[in-house]
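If you read the protein sequences in the order shown, they are chains P and Z. Residue numbering for the first sequence follows the working numbering, beginning at 1 and increasing consecutively. Residue numbering for the second sequence follows the working numbering, beginning at 1 and increasing consecutively.
I should point out that these hints are in silico values taken from the structure, not numbers from a laboratory. The C-beta atom is built at its ideal place from N, Cα and C for all residues, glycine as well. Check each hint, because a few of them may be wrong.
Lysine to aspartate or glutamate pairs mimicking DMTMM-like chemistry, simulated, CA-CA at most 25 Å apart [said to hold, decoys possible]:
no., chain 1, residue 1, chain 2, residue 2
1, P, Lys130, Z, Asp72
2, Z, Lys66, Z, Glu52
3, P, Lys423, P, Asp335
4, P, Lys254, P, Glu131
5, Z, Lys15, P, Glu58
6, Z, Lys15, P, Glu39
7, P, Lys134, Z, Glu8
8, Z, Lys21, P, Glu208
9, Z, Lys80, Z, Asp50
10, Z, Lys38, P, Glu262
11, P, Lys130, Z, Asp50
12, P, Lys220, P, Glu25
13, Z, Lys15, P, Asp216
14, Z, Lys80, P, Glu25
15, Z, Lys83, P, Glu69
16, P, Lys126, Z, Glu60
17, P, Lys130, Z, Glu60
18, P, Lys134, Z, Asp72
19, Z, Lys66, P, Glu39
20, P, Lys41, P, Glu187
21, Z, Lys21, Z, Glu52
22, Z, Lys83, Z, Glu60
23, P, Lys126, Z, Glu8
24, Z, Lys16, P, Glu58
25, P, Lys223, P, Glu39
26, Z, Lys21, P, Asp96
27, P, Lys423, P, Asp96
28, P, Lys223, P, Glu25
29, P, Lys130, Z, Asp36
Ranges of calculated distance between the beta carbons of each label pair, as one might list FRET restraints [stated by the list, open to error]:
no., chain 1, residue 1, chain 2, residue 2, range
30, Z, Glu52, P, Lys35, 55 to 61 Å
31, P, Tyr55, Z, Ser79, 23 to 29 Å
32, Z, Asn40, P, Asn121, 23 to 29 Å
33, Z, Glu58, P, Glu69, 21 to 27 Å
34, Z, Asn61, P, Glu61, 47 to 53 Å
35, P, Glu131, Z, Lys65, 39 to 45 Å
36, Z, Lys54, P, Thr396, 52 to 58 Å
37, P, Glu131, Z, Leu11, 47 to 53 Å
38, P, Tyr401, Z, Asn40, 37 to 43 Å
39, P, Ala209, Z, Lys78, 27 to 33 Å
40, Z, Glu58, P, Gln125, 15 to 21 Å
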Amino acid sequence: MTNRVVVTGMGVLSPIGNNIKEFTENLKSGISGIKYIPELKDFGFRCQIGGLINYSFEYDEILRNFFLESASKFVKYTIITAHEAFKTANLQFEYDPDSEPDFDTGVIIGSSIGAIDYYINTIYQKVINKEIRKLRSTTTEYSMISAPSAILAGIIGAANYVGFNSSACATGLESIILGYNRIKNGEAKRMITGGVDIYSPYAWAGFEALRILPIDYNDKPTKASRPMSKSASGFVPAEGCGIIILENLEVAIKRNAPIFAEIIGAAINSGGQRNGGSITASNPQGLISCIQNALHSANINAQEIDYISGHLTSTSNDTKEIYCWAKALNRYNEDFPYINALKSLTGHCQSAAGTIETIAAIIQMNENFLHPSLNCEDLHPEIEHIVSHTKIPFFTKSNLYLQTIIKANLGFGDINAVLILKKFNL
Amino acid sequence: MNNNEIKEIVLNIIKKYTLKKEELENLPENPHIINDLKINSARIVEIIIDIEEKFNIEIENELLKKINYLNDIIDIIKSKVEKKNN
């Protein structure tokens with residue numbers, strides 16, 4: 001027997017908004033969160049732009065309540081975002097050491113670069129200065145890669161699966177799928193899922209070394225992220241955190257929870273780093289099969305898809321991705337579903353991308369609009385050949401009816417993740 | 001600095017780490033750090049580091065084992081501060 005799974009809570013911390021309300025407003029107005037970062041120039045980066053969170057962590061009440069003022073950044077982002085997700089879900093978010101463990105609730109928060117800030121600013125400094133004695137007892141709990149999950153679980157008393165996932169840029173979407181599968185299979189009633197990655201020149205240096213960041217936009221940052229454009233020249237790095245609360249439908253109904261969407265299908269695979277796939281590129285066979293597996297698991301026809309929330313990073317891989325969507329869905333030109341790229345607004349939030357983009361997709365579905373896909377007026381000719389201009393919102397499109405949406409993220413390691421969501425109906 | 005002054009400073013440091021702030025009211029005269037003050041044992045190290053910074057002293061690891069009650073901490077601080085001032 002399988003269980004129906006619904007989204008009952010959402011929280012976001014992103015370059016275009018520190019909560020769902022701001023995020024929704026900025027989606028509607030199509031505002032870019034990409035800015036010039038002077039520090040990157042000082043470090044000698046060729047790409048000196050990115051999407052940063054604009055949030056004041058000092059004297060933050062939520063962090064202070066949980067003694068997390070000196071925690072690593074990815075822990076702080078997670079707890080602040082989770083606090084919002086719990087609020088939207090009408091669930092308590094407070095620490096009660098006398099409460100019973102909640103064996104029905106689990107946590108999976110993924111990341112790629114983890115506590116890199118903490119290693120560099122705290123641990124490295126103390127070790128190199130021979131001041132190990134001054135390291136705090138929290139050093140391990142703030143720096144371990146499972147810290148966001150473990151600390152969050154401790155606050156809420158989650159006692160189902162409490163773990164961590166990492167699959168590069170597919171991490172955020174993968175965590176939702178892992179949580180979805182647990183509830184669907186009856187192993188959990190509620191799963192807190194999400195992805196988080198922070199800004200760090202030490203992590204971004206690796207992208208710079210790969211020569212995959214755009215270098216011609218330091219004086220016009222909002223133009224740099226151009227998914228689907230023929231002038232796309234690399235992804236714009238960004239930071240962020242997204243948390244999604246999933247619940248067994250019966251449990252959600254019983255407690256009268258708000259229901260933002262139903263998850264009806266999902267698939268994860270890899271292209272095996274063969275046939276055009278590599279550690280950095282996707283094998284089209286893998287993505288096509290992943291999309292089709294997701295459709296199969298949702299038991300729907302490709303014609304039912306109204307909107308695609310693409311991975312679309314603003315690299316040459318965008319054309320390959322569009323080809324895979326068309327091939328997998330067998331839908332071309334005017335028949336191609338609507339498609340846009342959130343990364344044109346936020347940049348690439350790495351492990352948080354999948355979660356933040358899923359939240360954006362759910363908001364658009366529920367409010368029947370599409371945010372503009374910025375900077376793709378000069379559509380890539382290979383994409384133009386497959387998708388009609390009318391299916392790509394160059395400006396905000398409203399008064400649409402979006403019932404079924406499909407979301408994909410691709411990660412280094414030739415990893416694919418695909419999720420299908422639907423407006424909730426009993 | 002008398003015992004009461006030291007005690008107040010130490011309790012203020014401990015307050016940062018106690019899981020239940022309300023437990024700090026109605027404390028016994030000489031509370032047990034972990035049982036009465038509801039401190040996670042891993043946080044003892046934090047408290048010691050804070051005390052070292054606050055009083056500008058160094059508390060050796062061997063002394064840590066002798067700390068069970070609040071008065072144990074106060075005695076250590078008192079003797080360290082006196083030694084420093086001499």
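Hint check results:
1. Lys130(P) x Asp72(Z): Violated, at about 29 Å.
2. Lys66(Z) x Glu52(Z): 16 Å, holds
3. Lys423(P) x Asp335(P): Roughly 21 Å between the alpha carbons, so the hint for Lys423(P) and Asp335(P) holds.
4. Lys254(P) x Glu131(P): 54 Å, violated
5. Lys15(Z) x Glu58(P): OK: Lys15(Z) and Glu58(P) at ~20 Å, within 25 Å.
6. Lys15(Z) x Glu39(P): 38 Å, violated
7. Lys134(P) x Glu8(Z): Since the Cα atoms of Lys134(P) and Glu8(Z) sit roughly 24 Å apart, the hinted pair holds (cutoff 25 Å).
8. Lys21(Z) x Glu208(P): 48 Å, violated
9. Lys80(Z) x Asp50(Z): Holds - the C-alpha atoms of Asp50(Z) and Lys80(Z) are around 15 Å apart, at most 25 Å.
10. Lys38(Z) x Glu262(P): 42 Å, violated
11. Lys130(P) x Asp50(Z): 19 Å, holds
12. Lys220(P) x Glu25(P): 23 Å, holds
13. Lys15(Z) x Asp216(P): 52 Å, violated
14. Lys80(Z) x Glu25(P): With Cα atoms ~59 Å apart, Lys80(Z) and Glu25(P) exceed 25 Å; violated.
15. Lys83(Z) x Glu69(P): 34 Å, violated
16. Lys126(P) x Glu60(Z): Holds, at roughly 18 Å.
17. Lys130(P) x Glu60(Z): 16 Å, holds
18. Lys134(P) x Asp72(Z): 22 Å, holds
19. Lys66(Z) x Glu39(P): Violated, at about 48 Å.
20. Lys41(P) x Glu187(P): 49 Å, violated
21. Lys21(Z) x Glu52(Z): 23 Å, holds
22. Lys83(Z) x Glu60(Z): Given that 25 Å is the threshold and the Cα spacing comes to 14 Å, the pair holds.
23. Lys126(P) x Glu8(Z): Status violated; Cα separation ~30 Å.
24. Lys16(Z) x Glu58(P): 16 Å, holds
25. Lys223(P) x Glu39(P): 20 Å, holds
26. Lys21(Z) x Asp96(P): Within the cut-off at roughly 12 Å; holds.
27. Lys423(P) x Asp96(P): 35 Å, violated
28. Lys223(P) x Glu25(P): 20 Å, holds
29. Lys130(P) x Asp36(Z): Between Lys130(P) and Asp36(Z) the Cα gap is close to 35 Å, so the pair fails against 25 Å, i.e. violated.
30. Glu52(Z) x Lys35(P): 55 to 61 Å: 41 Å, violated
31. Tyr55(P) x Ser79(Z): 23 to 29 Å: Violated - the Cβ-Cβ distance for Tyr55(P) and Ser79(Z), about 45 Å, lies outside 23 to 29 Å.
32. Asn40(Z) x Asn121(P): 23 to 29 Å: Roughly 24 Å apart at Cβ, these two residues keep to the hinted range, so it holds.
33. Glu58(Z) x Glu69(P): 21 to 27 Å: Holds - the Cβ-Cβ distance for Glu58(Z) and Glu69(P), about 25 Å, lies within 21 to 27 Å.
34. Asn61(Z) x Glu61(P): 47 to 53 Å: 36 Å, violated
35. Glu131(P) x Lys65(Z): 39 to 45 Å: 23 Å, violated
36. Lys54(Z) x Thr396(P): 52 to 58 Å: 56 Å, holds
37. Glu131(P) x Leu11(Z): 47 to 53 Å: 27 Å, violated
38. Tyr401(P) x Asn40(Z): 37 to 43 Å: Violated, since Tyr401(P) and Asn40(Z) (Cβ atoms, about 53 Å apart) do not stay within the stated range.
39. Ala209(P) x Lys78(Z): 27 to 33 Å: Since the Cβ atoms of Ala209(P) and Lys78(Z) sit about 56 Å apart, the hinted range of 27 to 33 Å is violated.
40. Glu58(Z) x Gln125(P): 15 to 21 Å: 20 Å, holds
When each numbered hint is compared with the structure, violations occur for hints 1, 4, 6, 8, 10, 13, 14, 15, 19, 20, 23, 27, 29, 30, 31, 34, 35, 37, 38, 39.
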